[in-house]
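Line by line, the protein sequences are chains A and B.
Residue numbers 1 to 258, in the numbering used here, belong to the letters of the first sequence in order.
Residue numbers 1001 to 1392, in the numbering used here, belong to the letters of the second sequence in order.
Calculated directly from the structure, the hints in this document are not laboratory data.
Remember, it's a predicted structure, so these values are computed and weren't measured experimentally.
Accuracy of the hints is not assured; some may be wrong.
Stated by the list, open to error - In silico DSSO-like cross-links for lysine-lysine, where the CA-CA straight-line distance does not exceed 30 Å:
| id | chain 1 | residue 1 | chain 2 | residue 2 |
| --- | --- | --- | --- | --- |
| 1 | B | 1120 | A | 159 |
| 2 | B | 1095 | B | 1077 |
| 3 | A | 159 | B | 1101 |
| 4 | B | 1332 | A | 233 |
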Amino acid sequence: MTVKRKPKLAVWKFASCDGCQLSLLDCEDDLLTVANEIEIANFPEATRAVIKGPYDLSLVEGSITTPRDAERIVKIRRQSKYLVTIGACATAGGIQALRNFKDVKDFISIVYANPEYIDTLKKSTPIADHISVDFELRGCPINKYQLVEVINAFLNHRKPAISPHSTCVECKLNGTVCVMVAQGTPCLGPVTHAGCGAICPSYNRGCYGCYGPMETPNTKALSRRWQDLGVEKPDLVRAFRGFNAWADPFRKESESHE
Amino acid sequence: MEKNETRPCTLSAEKEIVAVARKDFPALFDSLWANGFRILGPTLGEGAIVYDELHGVDDLPSGWTDEQDGATYRLKKRSDEALFGYNVGPHAWKKFLFPPKLRLWRAEASNNGLNIIEEKQTEQKFALIGVKACELKAILIQDQVFLGGEYADPIYQNRRKDALLIAVNCTQAGKTCFCVSMNAGPRVESGFDLCLTEVLAEDAHYFIVEIGSEQGAGIMANVPHSNQTQGAEKAIQAIATNTAQQMGRVMDTENIQALLQDNFEHSRWDDVASRCLTCANCTMACPTCFCSTVEDVTDITGDHAERWRQWDSCFTMDFTYMNHGHARASAKSRYRQWMTHKLSTWFDQFGTSGCVGCGRCITWCPVAIDITEEVSAIRANQTGGKPASSSL
């Protein structure tokens, strides 16, 4: 008689705020179901207990910012059958990638009383710059329903139903009136990856691009429209330099307005 | 459409046009509710005139209108108390007949395999009030898509069969309107149960009501009305003529099928691709666009599955993703597909144009791409290029 082995799930933290890991804890009732179906082998936000690898599914939060982390992620990859990055830090370098546009030494000397203790890399980079990644889940923070969907899909050996189209599609499915057209509010929705459910436009605000670039972002055309709406170049730079500043299409767009 | 033959009808056949005073207008709502209809129509919401459920005449956008242009929509106060004095807004009626997101069925794993649990579809009858001529034409086009041919869409069929269409003749046109070019308005010609024309004279506010079906007649039987309608036809015509003269856009449709197909490699497609966000707003706002996708989801145990249908768009990459990759990888090929389908190959598929000139794709494109301007540009300088599969 064979006993079905519970898949082992590990959650790993790199440079991040822990918000995406907390999305897993926010799953509440769903988390109980998850816990029934899988063995949580490593999840520091939830428990100190650690079960040794290899792991069936590793969820990785955070970006690579130190030499030690650059080595650690390689070891984690070796122990993981599937590795999924969660959140803007892990998929795009996060807000801390703002350092990439300047010299990190200048920041260190200003921020820390004893800069000599700081051992950091020049750039904050996404996990996929260091190892191969099986799936990247976007968002700052990630959407907990999408997280459950991704865990689900990997455990059931199917493709995650995560759409890479624009946030506009979500607004339209919700019936939300376009804030850019009806109110002249600059919105990053047309170039931003769907996933949050288009929250900001439903509260009369433009999209901040928390989910990073959509599949085929035409940032140049959107910037032209923002300028028509009266947005100045320095504000365009700031708009594209949010949580996904180092994602290629957003990085290039912000640099083009400097 | 099935008609309810048992519905009481006290109006005689020759009284096809009646007049209803503004003060008696709430009786129309009462009559609709008494006949079991849920009333869906225009109302103010999120800085626009949207379509939603109405709970009374007061929900209508009395005294409000809008100003539109490419990528711009602004609400404005009117100088009168017109109930239907606006242009078409962000929503299309398809949201009720072809819902944006819908569960099709559920399934549970059991010892015998899989139990399919069918989804109960809505049993409520809709009365759509305020359907403009271009929108009515769009509904008739979607009827062909969903109900024509060998296979009917049961969800659309169920929602459409009992839907009561209360049309309204447009009393004004916006800057992005071009229904005249598409032969889709501004006067409502047929396909309605009731058609209202709102008349605001110096000291009178009333509706001319054309009765288009027995069901419509049944509804009107309970609404106080006058049969003194001499000159009504002339009044409707005058309003239609006035509205037709206000069209903000024009599209020359002469030989348009061939025009687009013979200019498949026109440089304008590259030009529009440089401006297009591929965000899919035009297709979502369009009242005739009908594409959808189905998604299967499972719960974590794998014992429970659901199939959902939701609107999709030829502008998304997943839409044409197949084993070999994306069939339309470039923005150029996707915009060209959308516009050529709408204005040209729709004729081959359904025998009509897929465009009704409502102007939504112009107003709601965040970067103001204008379908009428794109047609003009191609027409002005025909550089040719036949369809070639390699250029996809």
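Going through the numbered hints above, which ones does this structure break? Give me the numbers in ascending order. none
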